[in-house]
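Below are the chains, spelled out letter by letter.
2 protein chains.
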Amino acid sequence: MVFLLFSSSLHAQKIMGFSDENAVKQADWEKQYDAQLNAKDLDSWMQYLTSHPHHVGSVQDKANAEYIAELFKQWGYQTQIDSYTVLFPSPKTRILELLGANPFKAKLEEPAVNGDKTSGQKSEQLPSYNAYSADGDVTAELVFVNHGIPTDYEELERMNIDVKGKIVIAKYGGSWRGIKPKVAAEHGAIGCIIYSDPADDGYTQGDTYPNGPFRPKEGVQRGSVLDMPTYPGDPLTPGVGATKDAKRLDRKDAVTIMKIPVLPISYEDALPLLKSLGGQTVPASWRGTLPITYHLGPSREKVHLKLVFNWDMKPLYDVIAKLTGSEFPDEWILRGNHHDAWVNGAEDPTSGLVAELEEAKSVSELIRKGYHPKRTIVFCAWDGEEPALLGSTEWVEDHEQELKKKAVAYINTDANGRGFITAEGSHTLEAFFNEITNVVIDPQTGVTIKERRYAKSLVDADKDTRIKLMDNKYQKLEALGSGSDFTPFLQHVGIASINIGFGGEAEAGVYHSVYDSYDHYTRFGDPGFQYGIALAMTAGRITMRLAGADELPFNFHIFYKTVSDYVIEVKTLLDNERTKTDIENQMIKDNLYNLSKDPKKIYLSPAAKEPVPYLNFSELDNAMEQLKTATEDFQKVNVNYSKLTKAKGQQLNEILYRAERSLLQEKGLPRRSWYKHQIYAPGLYTGYGVKTLPGIREAIELRNWNEAQENIKIIAQTIVTYTNQVKQATNLLL
Amino acid sequence: MVFLLFSSSLHAQKIMGFSDENAVKQADWEKQYDAQLNAKDLDSWMQYLTSHPHHVGSVQDKANAEYIAELFKQWGYQTQIDSYTVLFPSPKTRILELLGANPFKAKLEEPAVNGDKTSGQKSEQLPSYNAYSADGDVTAELVFVNHGIPTDYEELERMNIDVKGKIVIAKYGGSWRGIKPKVAAEHGAIGCIIYSDPADDGYTQGDTYPNGPFRPKEGVQRGSVLDMPTYPGDPLTPGVGATKDAKRLDRKDAVTIMKIPVLPISYEDALPLLKSLGGQTVPASWRGTLPITYHLGPSREKVHLKLVFNWDMKPLYDVIAKLTGSEFPDEWILRGNHHDAWVNGAEDPTSGLVAELEEAKSVSELIRKGYHPKRTIVFCAWDGEEPALLGSTEWVEDHEQELKKKAVAYINTDANGRGFITAEGSHTLEAFFNEITNVVIDPQTGVTIKERRYAKSLVDADKDTRIKLMDNKYQKLEALGSGSDFTPFLQHVGIASINIGFGGEAEAGVYHSVYDSYDHYTRFGDPGFQYGIALAMTAGRITMRLAGADELPFNFHIFYKTVSDYVIEVKTLLDNERTKTDIENQMIKDNLYNLSKDPKKIYLSPAAKEPVPYLNFSELDNAMEQLKTATEDFQKVNVNYSKLTKAKGQQLNEILYRAERSLLQEKGLPRRSWYKHQIYAPGLYTGYGVKTLPGIREAIELRNWNEAQENIKIIAQTIVTYTNQVKQATNLLL
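Residue numbers (our numbering), protein chains in the order written: chain A, 1 to 734; chain B, 1 to 734.
Same shape as in the complex, but just chain A (with noise of 0.2 Å):
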């Protein structure tokens, strides 16, 4: 019990960063922060909010920051609407339907339903659709290919099928949505149509809509397919910020763009499809729980899809909210979540934004009380997070060298609910994020969130990762990949960054749908804010230590210590690919995959590959025990903040909070020199999911041997010049 002791006993309690002296002070307004905090507040700032549909380009969604920004000036904010202009496309024709004699178009309509105030504003509801797939009017057969993800593929070719010409059907899940029509494109197929399997999201889950939370059998999951791993951000101004008179692409030259037309249907309108499929049934695990058997295809009659979209430019409102340091105004706390959503967005991104608006009425309470905090305050809304990021990255894009200079770090939340916190970010936050969740109290269990989250993960683990965890509470922030605002912040500019929320009992089968609504999510996502209030806790906190800290609170040997196990994996990898690749070589040569095969169904074998070779890693296993030792070596004097004088601590709180800038390369990732950040990266095939020393990993990953071993050399120069950070961060406490 001795979390409780320390929330309770606040005259003991140490705070990283801060003195002694300074601790008992903070800890004594974040007592008066949290009382503060009034759930009634979000309840009615999310039933504003989510009145209306608030996508980018609609009424609503400009009324909404006003009021956000109306909110930010009434508490004492410095607050301004920065406006950038984007591409960003709307259906026009929406046509999917299957042709021959049975034929069957979909309905691609979400009916409102009972209970639902909101679910019925037809006229103001954008439609399904994917946004930045292409125009697009064709006719073929159409083919199941799993999660469309390219192992899919690989199954595919075993089983002789080719989707070259042909239209696609893939399931939601295994990938961000927008890999699905990448890879199939770059297979030759004209055409994609992403659905919710109920064995994922649906009556399999439990209850649908409104009966319970789950997706009800038309809903349909909107949401983008631009290639945001190449670049996210306005398609046609990567790199530079979308103010009016930005120069820009022609739209036949933003890469980003979907090349083929991609449309998402709920699992009503997948059915007559899906049956209309011959062919092989597939492989066991591609199975759904529609009550069909699944086959492969191609269908026995052809599909027609045809889209054609409103490719207009519409304005961006980014609310922008900043409350002055008063001893370091150019060193930038930023804490952001988006406004804008699909439909009505309750859950997301409502959810975390009324929580975000929370702390700034919080913040802004203590200040009339006298707090003071040290650094800048930077609240933002964002719009455009759901097409693209784009009100994130225009403005970060717009701000990047000012940025450079000024940000300490950004705080990201987006869609919260009833449960656990979860948290991924840069690591030098890691130790500074666990004292904080080891204070906030879980709402519906008395216990701290940490606490909490630590009941739940040895619960949930099995008998061997029992062992490992038992008694062990701390936890390990996971790495960022991407999916919200934070991507620009850090992958771009090198800002350390997290992004935290609650979870994993507010059940949800709405997602990107009209059913995201204020009445879903007072239901079954966070039913009285509870979990509302424990984030503007958690995150209120992360700000203002941040914010009001002496010495800023990095840990560079956890950092290293994390990065020294992604080499391990890596090298793992590497050893893993080359074991799996002889042994397969092998059973091809010995002929066992045609010997082993029914020969009554299609299944070849796979083609031998070309051995792994071993790859020189000693740059970077130098380069890694150099940071070594230079972490160890900063732990060492760390304790000497309080001799240096102001200039010389400032000095170093600038080199603590830039060292993350000396991460990025300037000429990028390969394949997207957008992304320069070398530990974290979105996977150029998994969308959200982080791939961490991304240079290295991905080129295995893509037997790409040449590359890897040029990326090891990028990656252990990158670490070198980090070490150098580290150092002389040491050197100023010497």
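By construction, these hints were calculated from the structure, which means they are not laboratory data.
Just so we're clear, the structure is a prediction, and the values are computed from it rather than from any experiment.
Incorrect hints may appear among the rest.
With a Cα cut of at most 27 Å, we get these calculated BS3-like pairs of lysine-lysine [what the hints assert, rightly or not]:
id, chain 1, residue 1, chain 2, residue 2
1, A, Lys571, B, Lys468
2, A, Lys107, A, Lys244
3, A, Lys40, B, Lys600
Got chain A; can you put chain B on it based on the hints?
Below, chain B alone, put in the same frame as chain A:
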């Protein structure tokens, strides 16, 4: 390609148990044996044998026995039909209905389908039912219990669901079906419904009959629910043959008859019942693929189940055909397969039976050409396997003393189909069996059945298993549990047994339904009966080599090594159970189960368990050490057979085949004295699935530490007795 060489270059071939000279002769006979095998025989016999339903007591059951006997007689075997009289219930009344405002009455009918000429033989078919269900007329709420095995009830308890006074509905799978009503009754349920979920046995697996091989929506899996893990065979005559004048129990005293009414149904009939369930949704691993959300129940409306049976005494007809051995007429090699079916039974059991008939035919052709097996061959065609291994059990009990003296080995087959060789058996026969799979050629690929099975096992394995298996083509025999007629031979009398078959490509979802027909089997099971011939080649060699060997090819050292692995397994089981208990008790003490659970759902913390003590394995370890030495010593001297006198040779062979008898203990296993084998038994709570070293393993699973300790002693003593047999054999050879 060493194995192809083996079969084509016969003069180089060594055969276990044969002198070099006799091996050459034997190989030549086998070549002639193969040449006699004709797939057309299998086809025409199957057509006759499956032309009408032929369950116990039916007209066709008797006609089939007589037809089989006539064939054996034609081929020159001393043939007889041994008849027994047994309790065999069949349904008089079957009512299953959902009451309330929207009533539903289950159809309980499998309709005739196009292209299946026997599926419409309504008047001759046994209705779908579970044999040895209790009579009953119960009305109660329904509860879903997943597979209805003990671990499912632990979960139900945590979800605060009590089945007392309820009717349960369980999915097929997870155990032998008879376990489900037994465990339900132990928990106070008053009725049990079992259905085939399409996830496991229906459209999710593939196209349904008659379009494809899989279970159609009306298809029902019949089957026995007699408590065979307690004792199989006629419930009224445990331990003795059910001859006309046998002493019989009163039906009410027959403990193996199920205590509650139980009925199997189709997934079409199950759907409205499952839809009627309220309460929490089921755990994710319990879900099926019907287009509904699965709930635990209880049902909103009550269910009415009424079952009345004709508790008739019926005759069994076991066909026994002998060919007396030329040198050792009192050493018997028994080869059997059952002939009764639930309905037309093409796959189960006729596919295996027609292979056995072909073996007998081909052997008879050899006899005419001058072949004289040294030992007596006994071909058996059992009646009443489906209800309770009736025919084999009663015959074995009736001939127990004679079999104990004479039986060398029992070779069993049952359903057979296209695919890969599978084999379970006494481990003394493992090396012998592997020699045979070296020479039988797979009909689809032209390599040996061993090569093909190796290819399959390697292709299906994960990386680590591949590394372990690479180039190791040796096929370990699985241990025998139950599920076919080998049980009385092995587990009651201690006769070394082996059960073989081909499968894995014969797709079927017609098990125990009216659709297991000649039409289905010849489309999907084994078109052209190629694998029927492969089975005859394999089983025929087993029979002939055992019948013809100079020295019986039993290998004690492999038995030692296998049992040694089992000893490690039970020790590991105990250690794992201890660690698991310690961890879980700590987690309970730390309140982690309560902290991790969703407060909106019912999921109680488990109760703390008694810590697991350390047991004394030393007596068993010492016994195993002695067995190791003894089997190694035997290996060394087991090259001297040719130096023995004929009398000593015969004495040695008797020791070899009777050694398995010393693995029995007369008092049997705890709670089931009929099962006497101390190494192999079907699980008390798995039904078919084997439990090796059952006395120890099941006691640990039941957390009965005293019983486990006692059984360590009993098994140690058993091993000592067995070791003495091995030593005697060694002494003869010195």
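So, going through the hints one by one against the coordinates:
no., hint, result
1, A/Lys571 <-> B/Lys468, "22 Å, holds"
2, A/Lys107 <-> A/Lys244, "39 Å, violated"
3, A/Lys40 <-> B/Lys600, "22 Å, holds"
Violated hints amount to a single one, hint 2; each of the other numbered hints is respected by the structure.
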